[in-house]
Amino acid sequence: MSGTAQVLDARLLQALLQTLGPRRVLHQPAHLHAYACDGYVAQQGLPRAVVFPETTEEVAAVVSLLNQYDVPFLPRGAGTGLSGGATPLHGEVVISLARMNKLLAVDLENLRAVVQPGLVNLWLTKRVAHAGCYYAPDPSSQSVCTLGGNLAENAGGSHCLKYGVTTNHVLAAKVVLPNGEVVDLGATYGDAVGYDLLGLLVGSEGTLGIATEITVRLLKKPEAVQTALALFDRVADASDTVSAILRAGIVPAAIEMMDQLAMQAVDKSHYHVGYPPDAEAVLLIEVDGLAGGVEEQMRRVVELCRQHAARSVQVAQCEEERALWWSSRKMAFGATGRISPDYIVQDGVIPRTRLTEVLQYIADLSRNSGLRIANVFHAGDGNLHPLICYDARIPGQAELAAAVGSQILRACVDAGGSITGEHGVGVEKRAEMTYQFCDADLAAQEAVRLVFNPRNLCNPGKLFPTPGRCSEVRQSAWLAAQFAAVSAGFPEQTRILAPDRQGRQDGVY
Amino acid sequence: MRRMEPRIGLENHTDRPPRGGHQVSWSTDRIAGALESALGRAAVRVVLDSAAGGDSPAPVAWTEPFSEEEVAEVLRLAHAHRWTVQPRGAGTQLATGNLPQPVQVVLSLARLHRLVSYSPADLVVTVQAGMPLATLAAELARSGQMLPLDPPVNPAATVGGLAATSTAGPRRLLYGSWRDQTIALRVVCPGGSIVRTGAKVVKNVAGYDMTKLFLGSFGTLGVLTEITFKLRPLPPHRATCVLHGPAGAVAALRQRLAASPLIPSRLEALTPAADGTGGAWTLAVDCDEPQAAASRQTERLLQWASDFGLQALVHQGLAADAWWQAWQQRLLAAPLRARLAFPPAAGVAVGEWLRQDAALRGWDIHLSLGVGHGCGWLTLPAPGQTGAAEPASAAATAADSGEAGPAWLAGRTAELAEALRDWRETLRAQGGSLVLEAAPRALRRTIDSFGPVGSSWRLQQQIKQQFDPYAILNPGRFVGGM
Chain R
256 MSGTAQVLDA RLLQALLQTL GPRRVLHQPA HLHAYACDGY VAQQGLPRAV VFPETTEEVA
316 AVVSLLNQYD VPFLPRGAGT GLSGGATPLH GEVVISLARM NKLLAVDLEN LRAVVQPGLV
376 NLWLTKRVAH AGCYYAPDPS SQSVCTLGGN LAENAGGSHC LKYGVTTNHV LAAKVVLPNG
436 EVVDLGATYG DAVGYDLLGL LVGSEGTLGI ATEITVRLLK KPEAVQTALA LFDRVADASD
496 TVSAILRAGI VPAAIEMMDQ LAMQAVDKSH YHVGYPPDAE AVLLIEVDGL AGGVEEQMRR
556 VVELCRQHAA RSVQVAQCEE ERALWWSSRK MAFGATGRIS PDYIVQDGVI PRTRLTEVLQ
616 YIADLSRNSG LRIANVFHAG DGNLHPLICY DARIPGQAEL AAAVGSQILR ACVDAGGSIT
676 GEHGVGVEKR AEMTYQFCDA DLAAQEAVRL VFNPRNLCNP GKLFPTPGRC SEVRQSAWLA
736 AQFAAVSAGF PEQTRILAPD RQGRQDGVY
Chain V
5 MRRMEPRIGL ENHTDRPPRG GHQVSWSTDR IAGALESALG RAAVRVVLDS AAGGDSPAPV
65 AWTEPFSEEE VAEVLRLAHA HRWTVQPRGA GTQLATGNLP QPVQVVLSLA RLHRLVSYSP
125 ADLVVTVQAG MPLATLAAEL ARSGQMLPLD PPVNPAATVG GLAATSTAGP RRLLYGSWRD
185 QTIALRVVCP GGSIVRTGAK VVKNVAGYDM TKLFLGSFGT LGVLTEITFK LRPLPPHRAT
245 CVLHGPAGAV AALRQRLAAS PLIPSRLEAL TPAADGTGGA WTLAVDCDEP QAAASRQTER
305 LLQWASDFGL QALVHQGLAA DAWWQAWQQR LLAAPLRARL AFPPAAGVAV GEWLRQDAAL
365 RGWDIHLSLG VGHGCGWLTL PAPGQTGAAE PASAAATAAD SGEAGPAWLA GRTAELAEAL
425 RDWRETLRAQ GGSLVLEAAP RALRRTIDSF GPVGSSWRLQ QQIKQQFDPY AILNPGRFVG
485 GM
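Going line by line, the protein sequences match chains R and V.
All the letters of the first sequence, read from the start, carry residue numbers 256 to 764 under our numbering.
All the letters of the second sequence, read from the start, carry residue numbers 5 to 486 under our numbering.
With the rest of the complex left out, here is chain R:
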């Protein structure tokens, strides 16, 4: 049995090398470690190989080949995902789109750009900035994450309150389907004829196909932008301010919140703002639009902050000040590393009016579990990012942190919200999917997967809940046994692939 697998893998490897050449196929275990997980590090596994195609044709050729050999695969951008969507758990071949990083076309007149999936989000904005244009979705990782990854995860960002998320800005895509077929979805202008399959692809976490050319909408930079920083003694006052602003008929470009612990963390980082240690919450509020209107709106925002007992409200006086405030917000996840050896980021969404009550629930959970929880989030969208701090060296803390995270997500669903606003389900939140969706809802999603990805070779085991968890563990144990033969002489690779008793594959990491 394992002998057959060995021969099969050797032949597949030869075929991959033939298709892409030796410089664009990684297969030595030492080279594969960097691809064992994405930004979600709790579960890892070594891929069978990593390949670097450069054209749609090459992606299609690789995918066809993998179908021929019945080998699972997954697409990968920059690997900044936070839910394990790009983590190989079944000996997948990772198809890295990193070398497909060209800006293929820009049409400034019609505000369209065509990009390859490996182009970094912020680079697109930089390339069109000379014409006063930008690409709106701005996840915190925008200086490194790719537009292909953004499409797969339906990435959000700080400014989606007013401008929407990735799905509102992706207009068309050339897609290599899981069977190697190439199709065009969406339309550059207007609506595509037929079912909105592009709408399904965006946010499908790499389970429905691989976008190799993406047409996006560009926006003109607003004439005026003003940013305010408001400090509050009480979290509840900050939450009420968010509702009050929206209720007043103002749609700011962004309303971000950080709590006390998060402020302490970022102030210890490179982006020191100097937040007072006793303030419970800070709001970062940005309004943009036509000059004249922005000043009018900012005046009202400041007024509303004051009415809700803000300790202080400052409006940025220069671009440097604004940039510092934003950096302090956008680097908050990383900064949490300065106050805790390990942390889990959650991504639940709640109706904005229920911020106070859910934040209180999280505070109670923190107290009861003894784990510190920092909150850094898109308050205007109701998109929470509790950062649950723990120390993996203390036995049981990782499990406790995961359990607390799960409880928070359930509280979000109970409040009428969602388990994930922008990070995706990946492997991390598969179990919580059954909390948000019932069997009929999931059956409909499964029906879509069957159409696009009937053999389940394309990013298997992601996004969907795993009722047959036992059978999956068995299957991956079987895979590991098969793979052990191939990687004879690479004991660590074998060990990582073999799941432990809990079905986790985090082995040596």
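Keep in mind that the hints are not guaranteed to be accurate.
To be verified - Each computed BS3-like pair below joins lysine-lysine, with the alpha-carbon atoms no more than 27 Å apart: (1) R/475 with R/357; (2) V/234 with R/523; (3) R/476 with V/234; (4) R/476 with R/357; (5) R/357 with R/381; (6) R/523 with R/475; (7) R/381 with R/475; (8) R/475 with V/234; (9) R/476 with R/381.
Hints listed in this document are in silico derivations from the structure and should not be mistaken for laboratory results.
As the structure is a prediction and not an experimental result, all values here were calculated from the model.
Starting from the structure of chain R, add chain V where the hints point.
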């Protein structure tokens, strides 16, 4: 390869088809009888219906469920017995899409018209599918909010029907379309399973974005029963800047506007000029920014109008609303209406070409082109029709069902179909499209309303197969005759 099992359609499949096979033996009366015993007399009757697919009025079992459970019961029975079903809101969009095959059951959502929940501070509203868009708009306006979708439709049109046909209007420029505003759905699928998509929060990426699949699917995958939208504040100030002049000047002003930081919420270029006051084109510009900024935008537009020699008029408040109302009436009155997509920067040039080509073929077409976002309409008014008239109702559309079409078409159906096909090809070559929204039956028999689907056709068909394996929902109406 794993066999593809239809997953959705077989939910709750307990009824067996009657002996002797499923295709024959079900008369309208028998179907109505079966529905009646399931739902009760008040929800079912047999009526002659002219819009259920036949060339002439034919009897259908008309059901008006009182609840989502009853909708599910209808679709459970229909799926089990292979009855064909047309879901219907107010019936205002029946001329859109391909000519349907005759159906046995009309499933009216008229009784599901409640406001389910509305939280102004969350800017989120949930309504049942049968609520008219106009009713929803009035409800939201009381709280100073709006659903920024302004499709040109009869005021009776329901949110469900419009979401299913995904008809957008000029405000798409700033706010996007149904796919951008809709965040959650409840859908009853063939077989009777109730599927929830999305979540009632503005950001959500849990699982596939199934909401998108059902929007614009023409009721061929499931019946929408409940829709959740995200909302916007009502613009504090309403003004429409209306500029008239020749094509070159309008195009030049449009270009200057596009290069400026101005934020139009509607930017519609019309030809021939709407008010007939001089020049071939009209450009209508709205601004939804706060008052001070909106006034400055208007000032700048007026300055540019004078630079380019355009006549200008500014309508404020109710007068602005009235202007757009008249615009809508003109669009709806035309017996032929096609939705266009095109590169917005080339909008005026595309429009000039279309007008001239149409004139050479002997047709006097009217255009309303969203030259900021690249969507618009081509209409062909009936000869003698000027300005506002009664909207072409479903009944009027059905009345022209003869082989030669209505009198105004004067036997030139094939010619018009050929022109539409040529225009469609020209637009497609530039990344756009042409979809018929309203047309006489004679024409819809001659030309596909949607045009080619392209390389995704296999996927499209398989999606339909998964959700509606027996093709009971709106057979023939959607792309490729699905």
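Status of each hint after checking the structure:
For the proposed pair residue 475 of chain R and residue 357 of chain R, the alpha carbon gap of about 22 Å is at most 27 Å, so the pair holds. Straight-line distance between C-alpha atoms of residue 234 of chain V and residue 523 of chain R comes to about 38 Å, which puts the hinted pair past the 27 Å bound. A threshold of 27 Å between alpha carbons decides the hint, and for residue 476 of chain R with residue 234 of chain V the separation of about 24 Å falls inside it, so the pair holds. Distance check on the hinted pair: residue 476 of chain R and residue 357 of chain R sit about 23 Å apart at the alpha-carbon level, within 27 Å; holds.
Among the hinted pairs, residue 357 of chain R with residue 381 of chain R is consistent with the structure: their alpha-carbon atoms are about 13 Å apart, no more than 27 Å. Between residue 523 of chain R and residue 475 of chain R the alpha-carbon distance is near 35 Å, which puts this suggested pair outside the 27 Å criterion. Note on residue 381 of chain R and residue 475 of chain R: the hinted pairing holds, with a Cα-Cα distance of about 13 Å set against a maximum of 27 Å. Straight-line distance between C-alpha atoms of residue 475 of chain R and residue 234 of chain V comes to about 23 Å, which keeps the hinted pair within the 27 Å bound.
Restraint check for residue 476 of chain R and residue 381 of chain R: satisfied, since their Cα atoms lie roughly 12 Å apart, inside the 27 Å limit.
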